[in-house]
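Novice: What follows is each chain in one-letter form.
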Amino acid sequence: MPPETSAADFESSERDPSGKTGARALSVSPEEPAVVVTGIVGRLGRRLARRLHRERRVIGIDRRSFDGRPKDIEHHQIDIRRKKTRDVFRSTPIGAVVHLGVMHDPRASASEHHTWNVAGFQKILEFVAQYEIPKLVLLSSSNVYGPRPDNPQFLTEDSPLLGGAAFSEIRDLVEIDMLAQSFFWKRPETETVILRPVHILGTVKNAPSNYLRLPIVPTLLGFDPMIQVIHEEDTVRAIELALRPGVRGIFNVAGPPPAPLSRIVRALGRPGLPIPHALAMTMLAPLWRLRVASFPAPELDHIRYVCMVDDHRARETLGYAPTKGLEETVRAVDDGRWT
Amino acid sequence: MAKGLVRMARGALRGVASALLGPELEERLMQVSRELAPDGVDPFGWDPDYARYVIAAATTMSRSYFRTIVSGIENLPTGRVLIVANHSGQIPLDGMIIAISVFLEANPPRVVRAMVEKWSQTLPFVSTFFAKCGQVVGVPENAIRLLRRGEPLLVFPEGTRGLAKTFAHRYELTDFGLGFMRLALETDTPILPLAVIGAEEQYISVANIRSIAKTLHIPSFPVIPQLFIPGGQLPLPIRYRLHFGEPLYFRGDPDDDDSVIEEKVWVVKATIQSMLNNGLKERKSLFF
Numbered sequence: 001m002p003p004e005t006s007a008a009d010f011e012s013s014e015r016d017p018s019g020k021t022g023a024r025a026l027s028v029s030p031e032e033p034a035v036v037v038t039g040i041v042g043r044l045g046r047r048l049a050r051r052l053h054r055e056r057r058v059i060g061i062d063r064r065s066f067d068g069r070p071k072d073i074e075h076h077q078i079d080i081r082r083k084k085t086r087d088v089f090r091s092t093p094i095g096a097v098v099h100l101g102v103m104h105d106p107r108a109s110a111s112e113h114h115t116w117n118v119a120g121f122q123k124i125l126e127f128v129a130q131y132e133i134p135k136l137v138l139l140s141s142s143n144v145y146g147p148r149p150d151n152p153q154f155l156t157e158d159s160p161l162l163g164g165a166a167f168s169e170i171r172d173l174v175e176i177d178m179l180a181q182s183f184f185w186k187r188p189e190t191e192t193v194i195l196r197p198v199h200i201l202g203t204v205k206n207a208p209s210n211y212l213r214l215p216i217v218p219t220l221l222g223f224d225p226m227i228q229v230i231h232e233e234d235t236v237r238a239i240e241l242a243l244r245p246g247v248r249g250i251f252n253v254a255g256p257p258p259a260p261l262s263r264i265v266r267a268l269g270r271p272g273l274p275i276p277h278a279l280a281m282t283m284l285a286p287l288w289r290l291r292v293a294s295f296p297a298p299e300l301d302h303i304r305y306v307c308m309v310d311d312h313r314a315r316e317t318l319g320y321a322p323t324k325g326l327e328e329t330v331r332a333v334d335d336g337r338w339t
Numbered sequence: 340m341a342k343g344l345v346r347m348a349r350g351a352l353r354g355v356a357s358a359l360l361g362p363e364l365e366e367r368l369m370q371v372s373r374e375l376a377p378d379g380v381d382p383f384g385w386d387p388d389y390a391r392y393v394i395a396a397a398t399t400m401s402r403s404y405f406r407t408i409v410s411g412i413e414n415l416p417t418g419r420v421l422i423v424a425n426h427s428g429q430i431p432l433d434g435m436i437i438a439i440s441v442f443l444e445a446n447p448p449r450v451v452r453a454m455v456e457k458w459s460q461t462l463p464f465v466s467t468f469f470a471k472c473g474q475v476v477g478v479p480e481n482a483i484r485l486l487r488r489g490e491p492l493l494v495f496p497e498g499t500r501g502l503a504k505t506f507a508h509r510y511e512l513t514d515f516g517l518g519f520m521r522l523a524l525e526t527d528t529p530i531l532p533l534a535v536i537g538a539e540e541q542y543i544s545v546a547n548i549r550s551i552a553k554t555l556h557i558p559s560f561p562v563i564p565q566l567f568i569p570g571g572q573l574p575l576p577i578r579y580r581l582h583f584g585e586p587l588y589f590r591g592d593p594d595d596d597d598s599v600i601e602e603k604v605w606v607v608k609a610t611i612q613s614m615l616n617n618g619l620k621e622r623k624s625l626f627f
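Residue numbers (our numbering), protein chains in the order written: chain H, 1 to 339; chain W, 340 to 627.
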């Protein structure tokens, strides 16, 4: 169990080599340990960077270029597997690493996907250990548990990670999650935090948001599982909370109270289209191969079975509580479209 | 046009359900949903808008068809409780009658949870039906969570062995599983014994052919002659009698040896068997 921390710890024990408690300092000095954010150019990374850079020095690592980057954020457009990544860690004191750079692209080749995710994360772990970085935050996902007919209604952090059983694309993430877990035990000097949020909704381009952005939302006839969603802003807040000194461990992170899929589609205000499961399976496989559909067929399990988490540890230990209601969270998938 | 028709049909259905329920049951439903689902649905998927129809149908079935008599409902504790009953009748109508009786008779009304088979979750409509009526997947984590929330949980320790009983063995309890006792000890939950009289005669099964059941991968293959008579597909309209006993309290280590747990289970089994025997002695007629 991670130790209890309170807001007071955050105020008093900011890690700062110069000894001053500098959370309120407006000008960020270059000696202050920086937060490295991998995958900073993604929608979630940008949001996190915008939240963090006012208070802490932020360094981004991403192989994409960072358009519209705030001037005080240092960005390195490199592949984390390359040697140059080490220079980032070597050249400046680093207080924390937030790893968002996990690729979820079922279209990418399996070997590229795997080496990017696993080899890339292993590099990060190596640097964190070598340069004695006090904090590592991994954004995993509650998909690592996997939607299954025999799931308990609420999965706790010690439930087995069976997500890869039906859906091989998630195996990378399961492996990364497990690497982080073993790192947690091997290196007690580093506070390792693994966050497992439920389906993140918002401007992000992940599968659940893309699914809810479809003009007609297909569902499975006769299935209406309970679903948990979380607003991207709440996810960012959970990451911020995880960055506080003293916090370590694995945390499920959920948003507003769960609701049946039908209510989520209704809150969206778009028509749903129930399709028999057998038909959906046979249709989706060729559509996926022809690149018409953007979801591989095994992902249908997400709208068939429950995969919900118990987030009381995050609420008690992280001090996390969602700020967005269900309607607002669901409708956030349309934010920034056609505007 | 089609949408309008659907809306009209839905409105009419709701009207029928409300008429069947009457103002008293509407009030009970409201009371339960305020408690369980202030956000519209409870975390396990119980949905008052959907449950309304099921309650209307089950109430009609229980009151008009089986003419259920309930005794001892005042023994139901207000907090968490494991309701342990005999299981019988080839199809689990007894579960439905118990759940609806507790909803109709207990004060305040309560939603009884039962555990359903895992594979039922893979079936369309069935999975949705169970979830929206408040039934949960049969894994221990769910049982513990529900009891910690202070809810009543229905268990049939006989399982399908009880369900598949032949007519010759009616009202003879088969082997009890031990899981419910470990659950009760772990969560410090009282056990409420319940004798169900009537269900054991609703379908007259003369034999259970295990070899066929095994080949078909189903729990039992009963031979029920009445099914071949027109109208015999319906269960016989035997009067249901539910006798709730006094709550039993057990203490001990939930991880004890089977033999230790078995002794405690035996107490529950003996209690239910004697309640069944008494109930049968008092019964003057199958149908009245």
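None of these hints come from the bench; they were simulated from the model.
Incorrect hints may have been included.
To be verified - These stretches of chain H come out as covered by chain W in the derived footprint (C-beta under 8 Å, 3 or more residues): (1) 65-73; (2) 166-176.
Said to hold, decoys possible - Far from chain W, by Cβ distances over 12 Å, these chain H residues were calculated: (3) ARG54; (4) HIS76; (5) GLN77; (6) HIS104; (7) GLU112; (8) VAL204; (9) ARG213; (10) GLY222; (11) GLU240; (12) GLY246; (13) SER262; (14) PRO274; (15) PHE295; (16) TYR305; (17) MET308.
Glycine included, every Cβ here is placed at the ideal spot set by N, Cα and C.
Novice: Work down the list of hints and note, for each, if the structure agrees.
Specialist: Taking the hints in turn, this is what the structure says about them:
{"no.": "1", "hint": "65-73", "result": "violated (count 0)"}
{"no.": "2", "hint": "166-176", "result": "violated (count 0)"}
{"no.": "3", "hint": "ARG54", "result": "holds, 35 Å"}
{"no.": "4", "hint": "HIS76", "result": "holds, 44 Å"}
{"no.": "5", "hint": "GLN77", "result": "holds, 44 Å"}
{"no.": "6", "hint": "HIS104", "result": "holds, 26 Å"}
{"no.": "7", "hint": "GLU112", "result": "holds, 34 Å"}
{"no.": "8", "hint": "VAL204", "result": "holds, 25 Å"}
{"no.": "9", "hint": "ARG213", "result": "holds, 23 Å"}
{"no.": "10", "hint": "GLY222", "result": "violated, 3 Å"}
{"no.": "11", "hint": "GLU240", "result": "holds, 27 Å"}
{"no.": "12", "hint": "GLY246", "result": "holds, 29 Å"}
{"no.": "13", "hint": "SER262", "result": "violated, 9 Å"}
{"no.": "14", "hint": "PRO274", "result": "violated, 9 Å"}
{"no.": "15", "hint": "PHE295", "result": "holds, 19 Å"}
{"no.": "16", "hint": "TYR305", "result": "violated, 6 Å"}
{"no.": "17", "hint": "MET308", "result": "violated, 8 Å"}
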